[in-house]
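Using the hints provided, position chain B relative to the given structure of chain A.
2 protein chains.
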Amino acid sequence: MLFKLDERLEKDSVFVCKIGISQIRLSKDARYPWLLLIPEINGLSELDDLSWQQQLDIMQTSNQLSACLKSLYAPHKLNVAALGNIVKQLHIHHVARFEYDEAWPGPVWGKGEALRYSNEALAEQLQQLRKALDDTSVSA
Amino acid sequence: MLFKLDERLEKDSVFVCKIGISQIRLSKDARYPWLLLIPEINGLSELDDLSWQQQLDIMQTSNQLSACLKSLYAPHKLNVAALGNIVKQLHIHHVARFEYDEAWPGPVWGKGEALRYSNEALAEQLQQLRKALDDTSVSA
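These protein sequence lines are chains A and B, in that order.
Its first residue numbered 82, the first sequence is counted upward by one per residue in the working numbering.
Its first residue numbered 82, the second sequence is counted upward by one per residue in the working numbering.
Looking at chain A on its own, in the form it has when it is part of the complex (with noise of 0.2 Å):
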């Protein structure tokens, strides 16, 4: 059966690349540097709905995630998490947080209004992304 994914995660972010089970998605509110990494299976919503294997997978990734926000934005934190309270779909959050960014040192969850990115920096944006995804890549 075909992965579907959730009309609101959807429409608040764009496609990156798929990592293993995973597809990598791009918040588009410009304030943070915002990836979510997304199984694709359907009828997800824990993490501990995923199998041993599979939460090996996206273990995996998210360690790819995490160095790529590293490499590119050296934040002076990093947010990963899986909440799912408004979509239930499971994903998994990872924000570069720096001290001077609008919801520092609160979550960024609910927080004011996204900012947009113009089509020109949304396309440096995930050209960058890709670059620096592929630059860190492991072998399985």
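Simulated from the structure, these hints should not be mistaken for laboratory data.
Beta carbons: idealized from backbone N, C-alpha and C, even for Gly.
Treat the hints loosely; a few may be bogus.
Dumping the calculated EDC-like pairs for lysine to aspartate or glutamate here, alpha-carbon to alpha-carbon at most 20 Å [unchecked claim]:
#	chain 1	residue 1	chain 2	residue 2
1	A	Lys-192	B	Asp-216
2	B	Lys-158	A	Glu-194
3	A	Lys-192	B	Asp-182
4	A	Lys-158	B	Glu-127
Computed beta-carbon distance windows for the label pairs [claimed, not checked]:
#	chain 1	residue 1	chain 2	residue 2	range
5	B	Arg-211	A	Gly-124	29 to 35 Å
6	B	Glu-183	A	Trp-133	33 to 39 Å
7	A	Glu-183	B	Ile-122	28 to 34 Å
8	B	Leu-90	A	Ser-152	41 to 47 Å
9	A	Ile-167	B	Lys-151	17 to 23 Å
10	B	Ala-204	A	Lys-212	52 to 58 Å
11	B	Glu-88	A	Ala-111	32 to 38 Å
12	A	Pro-186	B	Arg-211	48 to 54 Å
Chain B in isolation, oriented as in the chain A frame:
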């Protein structure tokens, strides 16, 4: 070298038990069933500061905490998150969320004031948690 727990984590939570390489603590905020998973290794702040073997260990423990929270409280959603914007020492929140809780559907961090447990309620909660964690333990 002995593990040194961050002072704020020590103040805001209470020791439940040790599982694998991690110390499990209960947040003193009675508004939410809220566990902390803290690897007992000095100098960590990000998930990917852990070695792969350590990541496997904490993933298994995280699954155990999720199973425990589900079995005890039947939450509408779990929130599993490594943020650390305020306390840098790596700690992974596991919060049982309900559609009627104070912060729903927003995140729990930085929302309102913590509600303290009575001594009796805290003792009972700890006893329940230790029993449930024992019941959900898996052989490594």
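Results for each hint:
Proximity of Lys-192(A) to Asp-216(B) is assessed by CA-CA distance (about 39 Å); at most 20 Å being required, the pair is judged violated. Under the criterion of a C-alpha separation no larger than 20 Å, the hint pairing Lys-158(B) with Glu-194(A) is inconsistent with the structure, at around 25 Å. For the proposed pair Lys-192(A) and Asp-182(B), the alpha carbon gap of about 19 Å is at most 20 Å, so the pair holds. Between Lys-158(A) and Glu-127(B), the direct Cα distance comes to roughly 8 Å. Compliance with the 20 Å bound is thereby established for this hinted pair.
One distance hint, 29 to 35 Å for the beta-carbon pair Arg-211(B) and Gly-124(A), holds here, with the actual separation near 32 Å. Between Glu-183(B) and Trp-133(A) the C-beta distance comes to about 34 Å, which sits within the given range of 33 to 39 Å. Between Glu-183(A) and Ile-122(B) the CB atoms are about 32 Å apart, so this pair conforms to the stated range of 28 to 34 Å. The supplied range of 41 to 47 Å is broken by Leu-90(B) and Ser-152(A), whose beta-carbon atoms lie about 29 Å from each other.
Under the hint 17 to 23 Å, the C-beta atoms of Ile-167(A) and Lys-151(B), about 20 Å apart, fit the expected range. Look at Ala-204(B) against Lys-212(A): about 55 Å separates their beta carbons, and that is inside 52 to 58 Å. A hinted range of 32 to 38 Å for the beta carbons of Glu-88(B) and Ala-111(A) is consistent with their spacing of about 36 Å. Between Pro-186(A) and Arg-211(B) the Cβ separation comes to about 32 Å, which falls outside the hinted range of 48 to 54 Å.
In the structure shown, a violation is registered for the earlier hints numbered 1, 2, 8, 12, in ascending order.
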